Amino acid sequence: MSNKSLGGSCEVVQRWTVEDLNPDFLFEVTYNRDIETSARFSWPIPNMLNADGEPLVLHPCIAPKTEKDGSIFIDPSTGRKDYRFYFKNHKDNTAQGVKIDGTGCILFMSPSESKSKKIKEIIRSLGANIEGCSPQSIEDALEQIYLATGIGDRWNETKKTLGAKYDAFEDVEDQYFGRFLYKDEISSAVYLGGEGLFDGPAESDQLFHGGTFIIFPGKTIEDTRNIIAKYVPERKKETSGGAKHVAYDVFLTTRRLPDGTPIVPGLLKRQDEPNRRYYKPTASAGFSDYSPEIEAVERQWIAKIQGVFELYGYPRIKTKAVEELHVLRLEEGDRKPSQIFAIQKSFSGAASGNGTKEELYGLRYDHTVPLARYMAENSGSPAIILPFKTARIGPVWRNQEITRGQYREFIQADIDVVGDGYVPIEYDAEFPRIMCDVANELGIGSIELGISNRKITKGFFSSLGFDDELTEKIIRVIEKRDILGWQGIQAQLYSLFKTDKVLATRCLDFAMIKSSTSSFADEVLRLAKPNKLLEDGIEELMLVMDRLQDIQTGTVQADMSVVRDMNYYTGTVYEGRCKDSPTYPPIIVGGRYDNLVGHFMKESRPGVGASFEVTRAIDLMRDSKRLPLMSGTRTKALIVYNSNAYAMHAEMIAHNLRATGSSIEIAYGAGSLEDKLHYARAKNIPNVAIITDVGQLEVINMADMARRLVLSNDWVPK
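Residue numbering for the sequence shown follows this note's numbering, beginning at 1 and increasing consecutively.
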């Protein structure tokens, strides 16, 4: 239902769509072939465009066709705007837009022979049938025709569409100019009662009073049943089967039953209420719902993670879910296809006012880009104290391939430190320490934290003579190691280098270097010629590894396969995995970047950041059956009463108990005690309190079903 002004007052009217129609009410009709009662009049509109496809004359009634979101429609066959002359159908109050490129026609409903002659006379007298005629002559002709004939039922058509169903009569001349009949064809229709709006494929809703008919031109009942069953509201033009509203009196005049007899509404089944259609939910790949039990775990994990972050001095801030799309794309780089969920502007050109269809915003794909924007927006504010240490915990969105542990919506818990031109290398070692504490606090078990340095990665491939483009391709191959395995990586590298398997093998050997000591440096230098970038990266990684020596042996590894395919990383990079699931995607990622705010401000703001993949870690624990599920409810007691006279007393008891901090539910309404006990048992509610008298409760301990009588004012559930 929707609100729509009818006759000057605001009333609630029914909005109908194709999916609301009941197939059981369908009946078949054909055209009335009587020229005096069922003719149409066609008026071909001359061309009013120049050679460039622009209007010869500007006029208020001429405008380009637009999309539903207000953006200008571009005709794919010409690459130009589709200009229309807009007028109103007085019968159903809809806007009509006829093409002005010489292919459009305005049609009038059921003119008599005398009215047909009058229409021609008016059009010719104003020159509205001559090539290059003025828009004003069209507008004047429409007004005079309405006053002279009283025909307000008029609409637009194209010559191409009209030609397929046009059946010329004797007073048609100059091709399509005059009265005609439609070709005989079977169509299906539904009779609707009352008042309402039909939201069909027409450009505007069609209003009706006192009943109407919805017709499916050229479609049998069986065809129409399939159309209704497969109708998709978001694609109504393609899936509606051309359904249209035909006014009550017009339908009875212009249509007949297949045997040629007139249609008698009283003998038809009339549909007065929409047909209910139930949709079967389908899973959205990469998006998940959580049960109360899993949600309780996630909520507790987030609280614990935030607690660890705060122990190290990283307070939590909140950033918005959307960012400017062009900034997200700058940070994402030239990844094809893009992983950004773009948001199309479909709200009346609010942002730029030009009605175009550009995408202005995108959903954040991590928490780093929003942090950069936040710092730039608040630069100079007392809230930004450098080095700026902060945490963000919340969902991010990536339009990426769905694989094990890889989603399109997921929770990340991020920490970053951002400095003014410089961030000490010691922070590169602090972040692995923090993340190890997070894993311990959550009870995830043993993890292996791989650490590398983008300077080593780029310096190594530079020593082999690779340019940046080839280096990024190799990095993207290596990053798929948990999906493809080393044999798969080898195959892709061989494919990338084609015949040069020596270079492919050297890249593979580099990526497989892993060591818990400084021996990684010798292995890297054995495969590559030294250069400054490579040597700087080795020096930084050795310092980080040295700072982490006190962490349990085997937890931290120098790992050259850690490459992190994000453009903003420039130094140390991290990836942490559960040792029990080494091929599972990392649950800890992060690294150092040279300038967080480079796209926002001139000043340099380097930093270090790390992210704990909350959703991935929860699913990993679920898959390995190690996730300790929690009760989805915090309810301590369910209050039950046997008589409605105790309902207000139950509410008073619940109010008093809630004031003590206890979560309390009331079992309202009728139902057996067994049903209510079953409910409490299913929800893991530990106590059921039955009101036996005012001020007195019988409490059932659901663990052992022991019962005891207590005074309601003295009892607090445990």
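Hints are supplied without guarantee of correctness; some may be wrong.
[As the list claims (entries may be wrong)] Below, in silico cross-link-like pairs of lysine-lysine (DSS-like), each with a Cα-Cα straight-line distance of 25 angstroms or less: (1) Lys304 <-> Lys269; (2) Lys183 <-> Lys65; (3) Lys91 <-> Lys320; (4) Lys68 <-> Lys91; (5) Lys81 <-> Lys91; (6) Lys118 <-> Lys81; (7) Lys120 <-> Lys68; (8) Lys68 <-> Lys230; (9) Lys320 <-> Lys280; (10) Lys269 <-> Lys159; (11) Lys480 <-> Lys498; (12) Lys117 <-> Lys68; (13) Lys237 <-> Lys160; (14) Lys236 <-> Lys159; (15) Lys280 <-> Lys304; (16) Lys636 <-> Lys602; (17) Lys625 <-> Lys683; (18) Lys718 <-> Lys636; (19) Lys683 <-> Lys636; (20) Lys88 <-> Lys165; (21) Lys473 <-> Lys501; (22) Lys304 <-> Lys320; (23) Lys88 <-> Lys68; (24) Lys320 <-> Lys244; (25) Lys304 <-> Lys65; (26) Lys602 <-> Lys320; (27) Lys501 <-> Lys529; (28) Lys269 <-> Lys68; (29) Lys81 <-> Lys183; (30) Lys636 <-> Lys304; (31) Lys91 <-> Lys183; (32) Lys68 <-> Lys81; (33) Lys237 <-> Lys81; (34) Lys304 <-> Lys68.
[Unchecked claim] Listed next, with one range per pair, are the computed distances between beta-carbon atoms: (35) Gln339 <-> Glu469: 17 to 25 angstroms; (36) Asp420 <-> Glu469: 45 to 53 angstroms; (37) Leu709 <-> Ala670: 22 to 30 angstroms; (38) Thr583 <-> Lys498: 41 to 49 angstroms; (39) His90 <-> Asp24: 28 to 36 angstroms; (40) Ile317 <-> Val502: 47 to 55 angstroms.
Bear in mind the hints are in silico, worked out from the structure with no lab data behind them.
Source: prediction; values computed, not measured.
Don't be surprised by glycine CBs; every beta carbon is placed ideally from N, CA and C.
* Of the numbered hints stated previously, which ones are contradicted by the structure, given in increasing order? -> 1, 2, 3, 5, 6, 7, 9, 10, 12, 15, 16, 24, 25, 28, 29, 34, 36 and 38
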